[in-house]
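Model the full structure from these sequences, guided by the hints.
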Amino acid sequence: MKTVPVSTTINGDAAEFICAPDETLLDVLRNRMGLTGAKEGCGTGDCGACSVTLDGRLVCSCLVLGVEAEGAEIATIEGLATGDGLHPLQQAFIDHAALQCGICTPGILVAAKALLDKNPDPSETELRYWLAGNLCRCTGYDKIIRAVQAAARQMRSA
Amino acid sequence: MAFDTEPKRDFKVVGRRVARPDGIDKVTGRALYGADMSAPGMLMGAILRSPHAHAEIVSIDVTAAVALDGVKAVVTGADFADAMDAATADVRDNCLARGKVLYDGHAVAAVAAASGAIARAALDLIKVEYRVLPSVTDVDLAMRADAPVVQAGRAVEVVPVGLSENVTDHCEFGHGDPEAGFAAADLVIDRSFTTAATHQGYIEPHACLASMGPDGKADLWCTTQGQWAVRTACSAILGMRASQLRVTASEIGGGFGGKTTVFIEPVALALSRKAGRPVKIVMSRTEVFRATGPTVASSIDVKIGMTKEGRITAGTATLRYTGGAFPCGTVAMGAQAAFAAYDLAAVRTFGWNALTNRPKEAAYRAPGAPQAIYAVESVVDELCQKLALDPLEVRLLNAAREGTRSSYGPTFEAIGLEATLEAAKAHPHYAAPLAAGQGRGLSCGFWFNFGGNTSVSLTINTDGTVGITEGNPDIGGSRAAISQMAAEELGIPYEQVRTVIADTSSLGHNDVTDGSRVTFAVGLAVIKAARDAIAKMCARVARIWGIDPEAVEWVDGAARPTGPNAGTFPPMTLAEIAALSFKTGGPIAGHHESNADGAGVSFGVHLVDVEVDRETGATKVLRYTVFQDAGKAVQPDYVEGQMQGGAVQGIGWALNEEYIHDAEGHLLNPGFLDYRVPVASDLPPIEAVILEIPNPGHPYGVRGVGETPIVPPLAAIANAVSRAAGVRLTALPMSPPRVLKALTAQG
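Which chain is which? The protein sequence lines are A and B, in order. Under this note's numbering, the first residue of the first sequence is numbered 1301, with each subsequent residue one higher. Under this note's numbering, the first residue of the second sequence is numbered 856, with each subsequent residue one higher.
Just so you know, the hints here were simulated from the structure itself, not pulled from any lab data. One or more hints might be untrue.
[What the hints assert, rightly or not] Have a look at the derived ranges for each label pair, beta carbon to beta carbon:
hint, chain 1, residue 1, chain 2, residue 2, range
1, B, Gln1099, A, Gly1345, 37 to 43 Å
2, A, Asp1417, B, Ala936, 52 to 58 Å
3, A, Gly1312, B, Ala1291, 53 to 59 Å
4, A, Asp1417, B, Ala1287, 33 to 39 Å
5, B, Gln1099, A, Val1304, 40 to 46 Å
6, A, Glu1424, B, Asp1452, 42 to 48 Å
The C-beta atom is built at its ideal place from N, Cα and C for all residues, glycine as well.
Listed below in structure tokens is the structure:
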């Protein structure tokens, strides 16, 4: 299959890659761009471990083709922390022990940020339904919910 | 080992909610998991799997696959070594079938190619001729004399003759005279239960990268709960010496017991050996479900007698487990654990294992216990309902305590069951009002816990920091707990300690991260290694001061003179001793190697409120509280995390999760869409209440906490559903269709 050149922005930087027409954005990020923070837990959009945003919209990158990223802005877990420190969500996940094995953590952080960008003060129910597409098998979600709530509080007061 | 003679400690670091040392790597995407590693010249591997649940392999023709452009190697079971012990041979034959395929998804052959796409295309070119055989996936059917035989000649000696050849194992535990006990009861209830096989459901699929050179030396990177176990299995299966294989554990994306064995690792090594290049294999989610470790499926009969005052007079249980297509000893743990929460004069359990055409069982958190305790706790609850007794008071009345002869033999030392029940009784949850259509359930849970082989090194760095090298993959924050115990013992700040997890060439053997053993056994070893280093530091200081080593003691991170003849010297801190170490005899390090026992059993009690939707049969969990004895919670956040996470895995098992096979033995739901694990919106907050009844087998009183919390949810929810809906289900999961059927039958 002939590869296709694609021009995008990834975490604020211009990025160009070539990929096969049937190659997922997740495979492009992981195998061509060296961005292994997004994980493949299922490949079918059920687990959310590969969550990234595409032009601000939360997507499972395993369900997006690399070629669909042409001209788009992609944000991944690698872009969440800025040069001078962790994002409040990242710090809250450490402070509240919201991760055990950590494999779902990048996807959940990306998803939680996408929620807080739209809704800075979600109710617990809104938060639980928003994160229902991100499976975590270790924590029972309790500490994840507490961490996102704590980060949201901090971001609102900042 | 009796550490209870040690003075009770005023902990400075242990018990604090410190930040985990691997936290930043894991919130920034830097942490490297199994699939995240690559190597120059790397090939991608793919595995051909059986479409049949049971078939003879008549022939395998790989000619066309080998000829495909980009294919560098093809292997089958014939590429593995022949001679090894039976258990390892089973692992080998599970990695690549020999002679027969034993379940839907059983690996048959594998390809390494320049890309994953080419490798997958090559799989389609491998021609396998099968002779399909009748199959069986139900444990009760598999035990019948007319059942299709999965494997012949695998029964152990204690299995009576005349049963199906699928019956491989039998065990019996208990004491007293159950028949006399039943005769003395006011009510005897006898029920049968079934539980579906469930998968550990770790979010990270199995992944590895193998590289073997022409000299036969190999490196293997993989996601595993135990790199030494991987080395032992792979070196046997490949016919290598252990020293030739170095295994490095990646960060691990969940395991829960399912990553204590090997599946793809020997295949990747065989492909790399043949191709002469590194080979990476990453399982798909479908492969994870079809070919890696579900827990056992079970069929269980329980009979319990009770007086009208609530005293249990006798209990018996017969457990029939299937660990899939290979012999499996998990039923023995179920048979031992079934009645562990009770102080009984008469108890007897019988266990049977039968082969079925299902994937080979892998350990899943407290293997064998949730099923058995679900059945026992359901019958205890039904007795309480029928006799109009408070289920918590009945458990307190019958609770095992220090000095109780356990249902499986040993006499209990200090245990926390009674305190845990009292904590549940005192908690507001137990007295909170319930609305109509809601029900509250409770269950006890138990796990043995384990110690095991452990080897650690602790280095005193010249700048006064401390490095710990240990060998157990950190699956839920153990690096933090290990660092805390080292800091506590040395008397230095937590931040000065860094714990790393070593490859198999860097330490002696470490058993896998299982049995809730790491915080207990590695912690014990680290404390001993710290004491070893302290003794060496005191000896150095004694030489500097010109006094006897016995006249130097270690207090709060510094050596001090002690005793009447020691003289007066200002304390020397660890940092000062470290800075002088090159002049006082060289580097300073502490070590400890042992096969730890004294793990100390663990009990928990779960309380749950549910509501059942009578139109859909769906059960909503409204409130959930976990009470558990942790001995000593080293990092309470991560103890709570184990309690919460285990509870939620149990909730999934109780309500939704199951392996569903069709009549030909095909797995119908190998994906997270149809195998439904709990999601955030299914759940309420999970409250965790930690009790600390010190384990006499650990210097700080630590008990393992990881496994017990998956045990109680099954019965706790069944008991709550029974009280909410007025129907008692005896099959797990209590999925909406099953509940609806029971409600309809009730009328």
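Violating hint indices (sorted, rising): Of the numbered hints given earlier, the structure breaks none, since each of them holds.
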